[in-house]
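A.B. asks: Top line first, the protein sequences correspond to chains A, B and C.
Counting in the numbering used here, the final residue of the first sequence is number 332, and the numbers go up one at a time with none missing.
Counting in the numbering used here, the final residue of the second sequence is number 1354, and the numbers go up one at a time with none missing.
Counting in the numbering used here, the final residue of the third sequence is number 2359, and the numbers go up one at a time with none missing.
Any given hint could be a false lead.
[To be verified] Restraint-style ranges between C-beta atoms, simulated for each label pair:
#1 Asn-2143/C - Lys-112/A: 29 to 37 Å
#2 Val-2139/C - Ser-1133/B: 46 to 54 Å
#3 Glu-1236/B - Glu-2133/C: 52 to 60 Å
#4 Ser-1133/B - Gly-2123/C: 38 to 46 Å
#5 Arg-2170/C - Phe-89/A: 43 to 51 Å
#6 Glu-2133/C - Asp-1002/B: 51 to 59 Å
#7 Gly-226/A - Gly-2100/C: 22 to 30 Å
#8 Glu-1236/B - Ala-287/A: 38 to 46 Å
[As the list claims (entries may be wrong)] Distance condition first, Cα-Cα at most 20 Å in a straight line; then the derived EDC-like pairs of lysine to aspartate or glutamate:
#9 Lys-1084/B - Asp-273/A
#10 Lys-286/A - Glu-1225/B
#11 Lys-76/A - Glu-2245/C
#12 Lys-76/A - Asp-2358/C
#13 Lys-19/A - Asp-2239/C
#14 Lys-112/A - Glu-2247/C
#15 Lys-76/A - Glu-2247/C
#16 Lys-1106/B - Glu-1077/B
[Said to hold, decoys possible] If you want the footprint, here are the derived chain A segments under chain C, 3+ residues with CB under 8 Å:
#17 28-41
#18 68-74
#19 105-116
#20 203-211
Hints listed in this document are in silico derivations from the structure and should not be mistaken for laboratory results.
Keep in mind it's a predicted model, so treat the numbers as computed, not measured.
Glycine included, C-beta positions come from ideal geometry on N, C-alpha and C.
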Amino acid sequence: MKELIQKITQIPAPSGFEKAVRDFILDEVKPFVKETRVDALGNLIVRCGEKTKQGRSILVGAHMDEIGIIASHVEKNGRVRFSNLGTIFPRYLPGSRVRFLDGTRGVIDSDKPEDLTKIQPISQFFIDVGAESDQTCPIHAGDVAVFDREFMDLGNRVVSKALDDRSSCALLINAIQQIKTTPHELYFVFSTQEEVGSKGATTAAFGLDVELGIALDVTPVGNLHGVKLQVDLGKGPAIKVRDVGHISDSRVVNWMVAGAKSLKLPYQLEVLDIGTTDARAMQISKAGMLSGALSIPCKYVHSPSEMIDLVDYEQTLRLLVHLLSNPINLEK
Amino acid sequence: MDKIETFLHSLLSAPGLSGFEEPVRKQIEDEWRPLTDELTTSPLGSLHGLRRAYASTPRPSVMVAAHMDAIGLMVKEIQGTFLKVSKIGGIDPRVLPGQPVLVHGKKEIPGIVQMIPDRLLNSSAAGSPPNLSRLFVDTGLPEKELQQQVQPGDLVSFASTPMHHEGGYISGHSLDNRASVAAITVCLQELKRYQLEWNLWCVATVMEEEFLQGALTSAFALKPEIGIAVDVTFAEEPGLKTYTTFPLGKGPTIGTGANVHPALQRKFKQIAEEIDLPYAVETMPRGSGTDGMAIQITAAGIPTIVLGIPIRYMHTPYELTSMADIRRAGRLLARFITSLEEDTLATLFTGGDQ
Amino acid sequence: MKTPQPLPQNLRPPLALLERLSNAVGVSGDEEEIRQIVQKQIRSFVDEITVDALGNVLAVKHAADPNVTRVMFAAHMDEVGFMLVQEEGEGSFAFEPVGGIDERQLLGKPVQVGKERLPGVIGSKPIHLCTAEELHHAVPQKNMHIDLSPGCASKAKVGDFATFATRFQRNGDALFGKALDDRLGVATLIELARVNPGNLEILFAFTVQEEIGLRGARVAAYNFQPDMAFVVDSTPAFDLPLVQEDEENTQYNTRLGAGPAIYLSDAGTISDPRLVHFMVKLAEEHHIPFQFRQPGGGGTDAGAIHLTRSGVPSVSISIPGRYAHTPILHASLEDWKNTLHLLNLVLLHASRSILTPDR
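Chain A on its own, in the form it takes in the complex (with noise of 0.2 Å):
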């Protein structure tokens, strides 16, 4: 599990330049399912379980981009100026090293700080790779790189940049690998740009027949950009009440509370006052669908150096394969 959640996480694949990811999932899961399928937006769809009486069609997400940069400008200089894609926060650039996708590797700096006490916009920083001119520079404007920053076990926590949302892959991974019956027809979308907007999870949910639809994403814990927080590590999986933009459907909170307790799992019922996930999307898509969120508990959400407790992951991996293995209740 750590090894999966380590190499996942170290592929870089910001919003909008997804492959390289989706082809290492679709490595992994081809052997257990029915059908697979790439559509425009670059979303990896697979097909588990076929639909029985009892049975629903599942929409399981999990975004496959992770946070990252695109250079705008080469300076004179050899210096690349960029902008950002998905929310990074400026206080965690200064010394960031970056991974452009064609390996190239780069450090973050600011050269001219008016005031030290503030923080600048990302537009005063650059990446220096090294280059002494813009001849010489192997980065043009459109080229994207990632945090570069390698996985850390500290046992039972481990720490990486993407643990957002690639934990989530890998959990789903993990799922689709252990679900061996199920009365449901489901579907699992790796999406695409969830960090810009929940574009993969908009067009990949039009493109299904689905009744019920579930985001897994990480959940800040602690204190985010001055909003306070009250899931922790270590209490279990958090189960979504809302969040900025969605709300989930309290039939499916109560069913997810049924299956922790039913395998006497901790849960946190999380009410989230900044950030959203795929089910905002997936909500909203056509004549709309039921929806709900699980999330890993993480630190130091869209740092370079993210942190989640395995534990909860195991927890959220058992109760999804739970919820996933048997007949749906949705009375109140």
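Fit chains B and C to the supplied structure of chain A, relying on the hints for placement.
C.D. replies: Relative to the frame of chain A, chains B and C by itself:
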């Protein structure tokens, strides 16, 4: 109090916050059942009431939508004997200190919203209005019982008993947008004695106060040929009179701007003038901020119009409006619907503007 | 199907048409005048024209075989402008902007109001009567008025639209006019309608309400169900002097004279790399100058189009224009010519095979 005022009173007494509209949907279902041919609920919980066209050939449909969800609060965290809350919809935190509420836990628990006093904060906070992090709900329950009765995700609604004022005015929480639901009900009541040439879908949508999720999905499911959104708008208040506010009791508003199809606007104005119904034109330069925004851009596009019922003190625990305006809006809707004929689709949308 | 015409050797940028379009009035939600011009111009070159519920003009050139690649081109007809919101008497009106306009561009500007194009002025207080303190602050838009003069009292009404009263002018390579964003795109599509590749189903969408949320494009794409989409817009060129002369301008977005600007990503869309690659190859092979629009903010109709139904691979290409959303934009005729040339090639070479590798 007539039947509509009684109905509105019970709507205003029910919670039904965005995403959790069941309590108010049930009431609307009961009221609409004798007035419609079919009632269904969408996957997101919107109520769809159908009055079928009386015709042997397939007919176009018109959708009239009013959102039934209300703003409120949600329990985020239990801290000792106090509850920390999160917003549902656009609430001005300044109205909250001292506000009586109902916490919808395992049972309905009365509580008070209050704020951490100045003396417990550093001096820069003295006198300044609270933000949500400074607010809490006090139910009076001991910690253990609170933990048993309440959990994060439970809803907190305003405990405002509706009041009836002389001259036909009503106040309470969630006139936004239950006033419009009442207006649509007036329309359905008037249409009882008519056979319709078009199919009519009356839709009480969910989650307008969030991101129009109900309107988006209901419009997609129904794909009407005409969409009408009825929502409340700003009434003149003591100390607040601008071009964005409208006098109470002087009729509903008809929107103008990109969200409103010019042909529909002309038609509604024409009908209002024919039946001597007072109205005002409401400018919406960039958008209406209503379900109409979602309906118009559904699928291949739907000609849309937005009607407004002026209310005071929008998004506060006591909003106030005129029953006469509600009835007028309902009547205007009914007249428009009875003006729809078999060939209206061909004739209404020709001419200079589209 | 229309009788195939000989392929134009070089499409010529239709300058007289651009002038008409730039001078015409079409604020978001009120695009009728532009609609009329578009329909008249393309009528004889397309097989089908419809106007949909929002006012988009949807025009189709059929291919002989209905199973060919469906290629959509989009340009928006609407411009930013104003709406009169309150009558104040003596010919004065309070107004609100429609679309995003920097309020510092408004003082002292002439405008035209309503269908009759009544002349008006956004009046500005004389400097003699301003305090030193006042001169340090921008005048907020809500304090401005459109003055039609006391003689005009009853001719305009609340709800009327208004635009800048700019008249189009050309000076050599320099094109000056209001609403070049996106009348340049509209004129481009009208000219492209003359091309008859025959092996593509070509779908032209002249969209409405782009400036207030890409609303027309969304329903147009839903209707068309294209296999791919090319959006033609105008994008800002900030290739202007910096306050510090020795600094390098790293935020120019695009540069005038550097050719059509191909989008890599903006705030609304990450362009489909397959389409970017296709266009770049065409430009390089045919020696057409081009540039990349800097990734970052802003958006085009592609933001709505690429998310329609199950997704539409999309890319935007813009004619650079300085001073977007102000009374007068400045674009380069040469840039426009090269944009037209590149899009002509797109029409001649587009095929589903571009999308064969998964994105």
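A.B. asks: Would you mind marking each hint as holding or not holding in the structure?
C.D. replies: Here's how the hints hold up against the structure:
no.: 1; hint: Asn-2143/C - Lys-112/A: 29 to 37 Å; in the structure: 36 Å, holds
no.: 2; hint: Val-2139/C - Ser-1133/B: 46 to 54 Å; in the structure: 36 Å, violated
no.: 3; hint: Glu-1236/B - Glu-2133/C: 52 to 60 Å; in the structure: 33 Å, violated
no.: 4; hint: Ser-1133/B - Gly-2123/C: 38 to 46 Å; in the structure: 45 Å, holds
no.: 5; hint: Arg-2170/C - Phe-89/A: 43 to 51 Å; in the structure: 47 Å, holds
no.: 6; hint: Glu-2133/C - Asp-1002/B: 51 to 59 Å; in the structure: 58 Å, holds
no.: 7; hint: Gly-226/A - Gly-2100/C: 22 to 30 Å; in the structure: 27 Å, holds
no.: 8; hint: Glu-1236/B - Ala-287/A: 38 to 46 Å; in the structure: 40 Å, holds
no.: 9; hint: Lys-1084/B - Asp-273/A; in the structure: 12 Å, holds
no.: 10; hint: Lys-286/A - Glu-1225/B; in the structure: 17 Å, holds
no.: 11; hint: Lys-76/A - Glu-2245/C; in the structure: 15 Å, holds
no.: 12; hint: Lys-76/A - Asp-2358/C; in the structure: 36 Å, violated
no.: 13; hint: Lys-19/A - Asp-2239/C; in the structure: 35 Å, violated
no.: 14; hint: Lys-112/A - Glu-2247/C; in the structure: 12 Å, holds
no.: 15; hint: Lys-76/A - Glu-2247/C; in the structure: 11 Å, holds
no.: 16; hint: Lys-1106/B - Glu-1077/B; in the structure: 16 Å, holds
no.: 17; hint: 28-41; in the structure: holds (count 4)
no.: 18; hint: 68-74; in the structure: holds (count 4)
no.: 19; hint: 105-116; in the structure: violated (count 0)
no.: 20; hint: 203-211; in the structure: holds (count 4)
Consistency note: the structure conflicts with the earlier hints numbered 2, 3, 12, 13 and 19.
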